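*Asks:* From just these sequences and the hints, can you work out the full model?
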Amino acid sequence: MIRTDILIIGAGPVGLFTVFEAGLLKLRCHLIDALPQPGGQCSEIYPKKPIYDIPGYPEVLAGELIDKLMEQAAPFKPGFTLGESARTIEEDGEGGYIVTTDRGTVHQAPVVAIAGGLGVFTPRKPPISELIDFEEKGVDYIIRDPEKYRDKKVVISGGGDSALDWTYFLANGVAEHVTMIHRSQSFRAHPDSVQKVMDMSQEGKLDLLLDSEVVGLSGNGRLRQLEIKHRSGEQSSLDTEYWMPLFGLTPKLGPIADWGLEIEKNAIKVDTLDYSTNRPGIYAIGDVNTYEGKLKLILCGFHEGTLMVQSAFKRIYPDKKNVLKYTTVQGVQGFD
Amino acid sequence: MEESVHITIIDREGVPHEVDAPLGIGMNMMELSRSMELPVEGTCGGMAMCASCQMYIESEHDLLERNDDEQAMLDEAWHVQDNSRLGCQIPISEQLEGLVVRIAPE
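Going down the list, the sequences are from chains F and G. According to the working numbering, the residues represented by the first sequence are 1 to 336, in order. According to the working numbering, the residues represented by the second sequence are 1001 to 1106, in order.
In case anyone wonders, no lab produced these hints; they're calculated from the structure. Keep in mind that this is a model prediction, so the values were computed, not measured. For glycine and all other residues, C-beta sits at the position ideal for the given N, C-alpha and C.
Here are some chain G residues pointing at chain F (derived, C-beta under 7 Å):
1) C1044
2) M1047
3) M1049
4) A1072
5) D1075
6) E1076
7) W1078
*Replies:* See the structure below:
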C-alpha cells in the first residue's frame, strides 16, 4: 500500500503545483493519473501550443510549463501512479481514505485532493453500433503491448500522431500486414510521421486507404471483417484480426462521479474557503470543481491548490501551528 | 456601429436559443455557447484540437474557410457534414448577424 500525506488525483498542472505548495508545509504528495505521463491536457492534447496567462511567462508552451512544474515539485519527491485511474474510495477508519485504482494499486492518505481537470481521459469511440460487441475481441483503443499483434493482420484508423506512429511501428516487422484507414488526405500529425507512413506505403510495406472510413464490423464472436465506406460512395470489406480506432482521448468525469460528492454541471461543488467538498478530508481543485464565480484557468487552479494545502495541514496536524512562510525568506527546502 | 449581433443556437434537443452576441471582445462561437451554458465542452480551450464544439451552420452565411488545423480535426471527428465547423474557429463579428447554428451530436 502506498501511504502519503496528500493523495492527489490528477497529475495536471494544478496537481503538480500543489505538490510544491504542500512541500513548503512539509507535506508529502503522491499523484495518480490515468495517462502514462504527467501533465494532463497540457501534455496529452496541446504540448506544443503556447499559453499566455501564466504569471511571469509572457508565453510558454504547455509542455514546457509541465516540465517546469515537474522541476519545481522535484525537491519534494512526489510519488506517481501513472497509467492507472482512481476507481474506488473508502474511509480507512482513521479519518483518512483508501483509494484503489483500476489496476488494483492501493493508496492511503489522510487527505485526498481531486485535481482531475475535466476528468479521466478515455478513448474517443467511433459511432458504430456493433463496436461494443467486438471490444477486446479484436477492437482495441489503446495499444499496450505491441507483441499482441505479432504476425497478425491489423487495421489502424485515425489521422493523428498516435495512429501514424503505431502504423509505422507495427508495419516494421511486427504485424503480418497493416492497413491504415483515414477519412481524408491530410493528417493532424507531425510531418515526419506522415512522411514515414507515406514512404512505407509506396514501398508496399503497408496499405494506406485515404478518403475512407470504417462504418461496420462483423465476425463470429471475434472480429473478422470491416465494412469500409469510401468518399466516392462505394463500400468494400476487408478481412482483419484486429482493428485499432485511434481517434484520441476525451475526458469523462468517470468513477469520481460515484464517490458521494456533490456534483453540479459535471463538476464537484466546493467551499471556496478551502476548496473542500461535502466529504471531510476530500478537496477538489482546478477545472474539476465548481463554485460561484468559478473560472476554469490554470492560474485559478494554482490559487485553489495553495489555499487547499493550508486547510489540509490543519486537518493532518490539528495541534500544530502553521505560520505562512515566504519562500523569499526561507528558500525552498525539500525533504531529506 | 452595433455592439452585438443576433445569433440563434439550436441545442441537441432542437430548442433554439436566441442571443445577442457582443462584438469587440474577441469572443468565438464556442465561448458564446459555453457562456449560455449550452453543452459545448471546448475541451482543448479553443485550439481546434478536440472537436467538442462542432456545430452545423444552418443559415446562408459565408464564413471564412476552414483553416488547416480545423480541417484536420474535422477529418477525425464524428457526425461531420459539409456545413460542420468548430465553434472555436468562428470569431464573433458583424458578418454573423442572423447566423443560425445547430450543435452537433456528442
